[in-house]
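Q: If you want the building blocks of each chain, they are given just below.
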Amino acid sequence: QQQVKQSPQSLIVQKGGISIINCAYENTAFDYFPWYQQFPGKGPALLIAIRPDVSEKKEGRFTISFNKSAKQFSLHIMDSQPGDSATYFCAASLQGAQKLVFGQGTRLTINP
Amino acid sequence: DSGVTQTPKHLITATGQRVTLRCSPRSGDLSVYWYQQSLDQGLQFLIQYYNGEERAKGNILERFSAQQFPDLHSELNLSSLELGDSALYFCASSVGVLTYNSPLHFGNGTRLTVT
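Which chain is which? The protein sequence lines are S and Y, in order. With my numbering applied, the first sequence covers 1 to 112. With my numbering applied, the second sequence covers 1 to 115.
Hints were generated in silico from the structure; no laboratory data involved. Computed from a prediction, not measured in an experiment: that's the story for all the values here. Note that the Cβ used here is the ideal one computed from N, Cα and C, for glycine as well. Incorrect hints may have been included.
[Said to hold, decoys possible] Derived lysine-lysine pairs resembling DSBU-like cross-links, with alpha carbons at most 30 Å apart: (1) Y/K9 with S/K42; (2) S/K5 with S/K57; (3) Y/K57 with S/K68; (4) Y/K57 with S/K42.
[To be verified] From the structure, some residues in chain S lie toward chain Y, with a derived Cβ separation under 8 Å: (5) P40; (6) P44; (7) A45; (8) L46; (9) R51; (10) P52; (11) S85; (12) F89; (13) K99; (14) Q104.
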């Protein structure tokens with residue numbers, strides 16, 4: 001119940017296209033869903049986050065869509081750029097649990 | 001730059017040895033978290049401290065221990081090292097308890113190689 005399942009493991013998108021990464025969870029008590037971006041040799045960096053009381057959050061080219069009934073959330077990257085090539089992690093947390101549970105990661109490659 | 005500082009960046013040591021990884025959290029952050037990242041296990045939570053006290057424990061081996069000092073920096077001690085301990089070890093910090101308004105900020109990690 002503490003798992004977050006992420007797909008796909010790897011994704012190749014053409015420049016200007018839309019990148020979509022999906023995550024699913026089991027524990028309905030999760031109440032915080034961040035996405036992290038990690039470049040080689042660097043630590044994960046917070047990209048965007050959402051709470052379960054909203055269905056969508058947009059920041060620039062990055063959008064989180066959240067489906068509470070399906071227990072799924074996804075990251076959409078619009079107008080994908082080569083600089084977006086990185087590994088993306090979804091995560092979830094329980095209020096007061098003091099830890100993030102991470103998905104397995106998606107390696108995104110944007111071809112120029 | 002997240003403001004979280006980890007040293008050393010790389011560490012190569014032999015099986016059976018002991019190492020210490022150091023972390024300085026962002027200025028003002030009271031919580032420190034340790035994560036292990038390996039290829040087959042992803043990011044695994046090890047342990048969390050808040051203002052010097054242990055608050056949460058994850059899949060941390062008995063051979064591993066950590067502490068947070070009065071100046072809020074933290075150290076992760078790994079002993080009796082095995083080949084399987086080779087991984088990236090990340091420290092993260094947050095202002096207070098982990099919430100939407102107090103997210104985790106990660107350092108750039110320490111890459112440990114056990115030979």
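Q: Now tell me if each hint is right for this structure.
A: Hints, verified against the model:
1. Y/K9 with S/K42: Distance of about 10 Å is within 30 Å: holds.
2. S/K5 with S/K57: Distance ~21 Å between S/K5 and S/K57 Cα, so the pair holds.
3. Y/K57 with S/K68: 28 Å, holds
4. Y/K57 with S/K42: 24 Å, holds
5. P40: Nearest chain Y Cβ about 11 Å off; hint violated.
6. P44: 5 Å, holds
7. A45: 7 Å, holds
8. L46: The hint holds - S/L46 has a Cβ within 8 Å of chain Y, the shortest such distance being about 5 Å.
9. R51: 5 Å, holds
10. P52: 10 Å, violated
11. S85: Since the shortest Cβ distance to chain Y is 18 Å, the answer is violated.
12. F89: 7 Å, holds
13. K99: 4 Å, holds
14. Q104: 5 Å, holds
Hint compliance for this structure: hints 5, 10, 11 are broken, all remaining hints hold.
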